[in-house]
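Student: The residues making up each chain are set out below.
2 protein chains.
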Amino acid sequence: MTYGCQIVTAPLKTVDNSGDIGVIMGDIGRRAKAAARVMALAPEEQKDAALAAMAAAIRNAAGEILDANTDDVAEAKTGGATAAFVDRLQLDERRVAAMADGVGVVRALPDPVGTVIDSWTRPNGLRIERVRVPLGVIGVIYESRPNVTADAGALALKAGNAVILRGGSESFRSARAIHRALSAGLAAAGLPHDAIALVPTRDRAAVGEMLRGLDGAIDVLVPRGGKGLVARVQAEAHVPVFAHLDGNCHIYVDGAAELAMAKTILLNAKLRRTGVCGAAETLLVDRACAATHLAPLVVMLLDAGCEVRGDPETRKIDPRVKPASESDWSTEYLDAIIAAKVVDGVDGAIAHIEGHGSHHTDAIVTQNRAAADKFLTNVDSAIVLHNASTQFADGGEFGFGAEIGIATGRLHARGPVGVEQLTTFKYRIHGSGQIRP
Amino acid sequence: MTYGCQIVTAPLKTVDNSGDIGVIMGDIGRRAKAAARVMALAPEEQKDAALAAMAAAIRNAAGEILDANTDDVAEAKTGGATAAFVDRLQLDERRVAAMADGVGVVRALPDPVGTVIDSWTRPNGLRIERVRVPLGVIGVIYESRPNVTADAGALALKAGNAVILRGGSESFRSARAIHRALSAGLAAAGLPHDAIALVPTRDRAAVGEMLRGLDGAIDVLVPRGGKGLVARVQAEAHVPVFAHLDGNCHIYVDGAAELAMAKTILLNAKLRRTGVCGAAETLLVDRACAATHLAPLVVMLLDAGCEVRGDPETRKIDPRVKPASESDWSTEYLDAIIAAKVVDGVDGAIAHIEGHGSHHTDAIVTQNRAAADKFLTNVDSAIVLHNASTQFADGGEFGFGAEIGIATGRLHARGPVGVEQLTTFKYRIHGSGQIRP
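Listed in order, the protein sequences are those of chains V and U.
So in this note's numbering, spot 218 of the first sequence is number 218, and the numbers just go up one at a time.
So in this note's numbering, spot 243 of the second sequence is number 243, and the numbers just go up one at a time.
Treat the hints with care, as some may be off.
Stated by the list, open to error - The calculated DMTMM-like cross-link candidates involving lysine to aspartate or glutamate, where the alpha carbons are at most 20 Å apart (straight line), are: (1) Lys-374/U with Glu-45/V; (2) Lys-263/V with Asp-318/V; (3) Lys-77/V with Asp-67/V; (4) Lys-374/V with Glu-129/U; (5) Lys-374/U with Glu-129/V; (6) Lys-322/V with Asp-311/V; (7) Lys-322/V with Asp-347/V; (8) Lys-33/U with Glu-354/V; (9) Lys-322/U with Asp-335/U; (10) Lys-227/U with Asp-87/U; (11) Lys-374/U with Glu-354/V; (12) Lys-77/U with Asp-92/U; (13) Lys-33/V with Asp-347/U; (14) Lys-374/V with Glu-258/V; (15) Lys-374/V with Glu-45/U; (16) Lys-374/V with Asp-335/V; (17) Lys-77/U with Asp-87/U; (18) Lys-33/V with Glu-93/U; (19) Lys-33/U with Glu-44/V; (20) Lys-263/V with Asp-335/V; (21) Lys-374/V with Glu-44/U.
Said to hold, decoys possible - Some but not every residue of chain U turned toward chain V, in silico, with C-beta under 7 Å: (22) Ala-382; (23) Leu-385; (24) Ala-388; (25) Phe-392; (26) Arg-410.
Hints in this document: simulated from the structure, not taken from any laboratory.
The model shown is predicted, which means the values in this text are computed figures rather than measured ones.
We put the CB at the ideal spot given by N, CA and C, even for glycine.
Using the sequences plus the hints, can you model the full thing?
Tutor: Below, the structure written as structure tokens:
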């Protein structure tokens, strides 16, 4: 194995020597910060050359990546991993090709760095420009989906950042093989190797070091994985975090909704894919149309194999409806289960969502424009939709090309986090000798 | 004293009962969060009516405010406060009038809430809008400048936020009198009293509670005061912080600078006001023009009463130049002192600033456009200027009308934090029944 770089070859000897973790991680942080300065100034052509070389290197190394993955999967199975876990971990030729394609998609996105977002001239002649600049160093902590290594590396690079990747320990060999391909791409384009660092140890203490920010080296953390991981990162991080904890998304069917549209949207929002964060988890139906709309909606879901947990009014519809408990209103099932409730108009829907929602994505179905406007204005979520499925909560569907996740924090990156959201800005001011009176 | 509201009348009894601080602050947080929902939806006219009523109430209560301030000043003097401290604390009729005027200036600013920042239509017909919404609840922790009570309250309100104000304990009576006027303004406009809360106790434990975020009620903290306060808030806060720790600003005089312009800009940047964060603290002179420019610049500063601490080359200019030590390159003097050094061109200037600067505000003086572009691109500060004074680092000078401070964090609010920076955004999506394939 000719990995050929200081960061990874040196620490391989110390993989299980947790006493050195602080030193190893501090070193990675310093190198990433230095690399970030170079990346921030790298021209678009150079970054795109690196991404093209990375995609090619991933395709060329498919055999090596699959071999490493086979070892990871074997160890995970020996360790008693669930079938779902193994499915997320396991790669095949199609998945490796999709990873390379994903890097190509990121390459084709416009480079956000240097874009003038806003500019104006002051009465004294000063011209002020707000210009996009990279965030700096992004730390990505993820579970055992090997493809995140390539996705996050490519997105961070396109936006001119350095990135420190810490993948799940069960995917360590796979991530290392993919990272090797990314490093080859950086080298081919003459960009610093340290711009995409993979934490070279399975030691979980490395995560703690990243949460503390590596002496100010990490500018933002992005956790990718289950609720336990996100909750830990949100609770313990000393740096800003782009993430969402829950996607408890609502579909509100208003009194003025067309039943056919409501059925189509609800079926898609709940069952197109149940495991995504934009899947609907609660159905709210306006009392004004409950007599005509509630039964067809609920029966449709039940017939499609979806468990329905309803309030007393919903339970009258069909004996298959189970009783909802208070906790159902706050639960993200990520499964073929939905909570259902009758509410008093758009105000009742807003009150329920504000009381139980997770400020991720919520939709209203209605032909009444005033009700739609009220819902879109009053529901305090990152994404609010009128007459469309909540499953559009996705960077690709927004036209961002790719995303590193969806954020529900109130600051900076909210909603899908794509290339543009991985930048910040600075003010550039052009004068001709102005001084302040 | 008829303060007439639950938050303040109840806790007055418990001012020195620190055992209740957690309960009191938790209650303030919950009320502010509820008020923030109302404020987020308040129309511009209602917010402006409140600001007009606040300005009038401050003017009407000038006597009461000055009486309270007299008591604060007397206590501070008894406690041995410095003259500078007393100057910041002390109000007079002119300062009270300026405070009311300041609220009027904020009222006249455009309301950022509801502005569509960006919009686009997807191939499937979905129309996506990015819309400004308030941040939520802003916590402001400040020292004994009573006017911050009115400034911060007005700015937060204009942007549709609720705010929790924690002023310095030495200005407690003054802040309370000013807060009473703000409360009267809210009441006159029918807005919730809890939208502008003043922490009703001098107990310093209240600050600790705010740093922990009041159970998620506080969305962002803004410290206003000396370096000790800002450093503590940055180190201990569990919520995002808008602030800057240091304003170590540089003036780089390039080889292609006009001497007359360099002199004018340098004099203004260093000495217009020495105590502001945009004041220049280090002069860098290009070796290429040192023979012609260094002496006139340094002598000008010395003759104006500015202490100059120079590198060996600068010390040859004039016996009044003192030797600079390594720490001078990183020091924010906030006084009539400047560090001075000869560097090798724009690259030398960039290296020095990146090594020693605080990423606040830095300027280049040059007639060479390529050198200016390189400096503006390579210096990684919130504000970079070409041929203009660093003292323009100010929300008013940017045209923001007013600011709550200047931030050097990389995320969200960078540079002057005005009304617009006290908002975030959400996505509003308009469909016609779209579902995701």
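Student: Please verify whether Lys-33/U and Glu-44/V have alpha carbons no more than 20 Å apart.
Tutor: The hint is violated at about 44 Å.
Student: Lys-374/U and Glu-45/V: Cα distance at most 20 Å?
Tutor: With Cα atoms ~19 Å apart, Lys-374/U and Glu-45/V stay inside 20 Å; holds.
Student: With the threshold set at 20 Å, check whether the alpha-carbon distance from Lys-77/U to Asp-87/U stays at or below it.
Tutor: holds (11 Å)
Student: Does Lys-322/U pair with Asp-335/U here, judged by a C-alpha cut-off of 20 Å?
Tutor: holds (15 Å)
Student: Is the Cα-Cα distance between Lys-227/U and Asp-87/U 20 Å or less?
Tutor: The hint holds at about 18 Å.
Student: Checking one constraint from the list: CA of Lys-374/U to CA of Glu-354/V, max 20 Å. Satisfied?
Tutor: violated (49 Å)
Student: Does Glu-44/U sit within 20 Å of Lys-374/V, going by the straight-line distance between their CA atoms?
Tutor: Answer holds: Lys-374/V to Glu-44/U is near 17 Å, not above 20 Å.
Student: Is Lys-263/V within 20 Å of Asp-318/V, Cα to Cα?
Tutor: Holds, because 17 Å separates the two Cα atoms, which is no more than 20 Å.
Student: Compare the distance between the alpha carbons of Lys-374/V and Glu-45/U with 20 Å, and conclude whether the hinted pair is satisfied.
Tutor: holds (18 Å)
Student: Mind checking the alpha carbons of Lys-33/V and Glu-93/U for me, to see if they're no more than 20 Å apart?
Tutor: violated (51 Å)
Student: For the pair we were handed, Lys-322/V and Asp-347/V, check the Cα-Cα distance against 20 Å.
Tutor: violated (26 Å)
Student: Hey, Lys-77/U versus Asp-92/U, does the alpha-carbon distance stay inside 20 Å?
Tutor: At roughly 17 Å apart (the allowed maximum being 20 Å), Asp-92/U and Lys-77/U satisfy the hint.
When the structure is compared with the earlier hints, violations turn up for hints 7, 11, 16, 18, 19 and for no others.
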